[in-house]
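Offset between the sequence shown (1-based) and the numbering used here: plus 18.
Don't read these hints as lab results, they were simulated from the structure. Every value quoted in this text rests on a predicted model; they were computed, and no experiment measured them. From the three backbone atoms N, C-alpha and C, an ideal C-beta is built for every residue, glycine too. Check the hints yourself; a few may be wrong.
Pair ranges (Cβ atoms, derived) [as the list claims (entries may be wrong)]:
1) LEU44 <-> ASP80: 50 to 60 Å
2) ASP65 <-> LEU37: 32 to 42 Å
3) LYS91 <-> ALA132: 51 to 61 Å
4) GLN172 <-> ASP146: 21 to 31 Å
Below 30 Å or equal to it, Euclidean Cα-Cα: the simulated DSBU-like pairs (lysine-lysine) are [what the hints assert, rightly or not]:
5) LYS122 <-> LYS133
6) LYS112 <-> LYS122
7) LYS149 <-> LYS133
8) LYS76 <-> LYS64
9) LYS161 <-> LYS149
10) LYS69 <-> LYS85
11) LYS85 <-> LYS71
12) LYS91 <-> LYS76
13) LYS140 <-> LYS122
14) LYS142 <-> LYS161
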Amino acid sequence: MGTRLFGLDAQTLFDCVLLGFNMLILFTLLSYLLFNPLRDMIQSRKDRIEKEKSEAAKNARDALTLKNEYQVKVDNAEEDAQAILRDARQRAQKNEEQIVSEAKEEAARIIAHAKTEAELEKQKAADDIRKEIISVATVMAGKFIAVSVDEATQERLLEETLREIGDSTWQS
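Put together the whole structure using the sequences plus the hints.
Written out as structure tokens, the structure reads:
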């Protein structure tokens with residue numbers, strides 16, 4: 019046996035079969051102890067990554083939806099502001115009309131009151147003039163009775179009385 023590198027005898031074959039069997043047992047044992055937990059860990063990591071990717075995609079869709087909603091709100095904000103301003107102008111116009119109406123009514127009441135006061139003053143003045151005329155007539159009657167006079171004297175007394183009363187009293 020001197021020229022071969024290795025000899026294929028029963029011991030070598032037995033050692034090879036035993037080595038293969040041991041490798042199979044070692045591979046099976048390592049598969050259960052190392053490879054399967056490692057595969058499970060890798061699979062759970064893949065699942066978690068996929069889940070996070072789907073959540074990220076969902077969040078991106080939600081963000082885009084919210085962005086679109088806010089864009090619509092921003093676009094409508096100017097219209098809403100114009101509507102609010104228009105409403106405020108209308109309310110201010112109504113308030114202005116109401117205030118003007120109330121002022122006109124108040125002015126009409128004041129004018130009516132002033133007219134009533136003027137009428138009362140006019141009647142009072144007329145009453146005062148009547149009283150004055152009565153007193154003048156009484157004085158004239160007293161003068162006529164005191165003096166038996168003729169028509170010329172009566173005319174003179176009448177002119178004198180009118181001068182005492184004054185022209186302005188008769189004209190008003």
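Hint check against the structure, violated hint numbers in rising order = none
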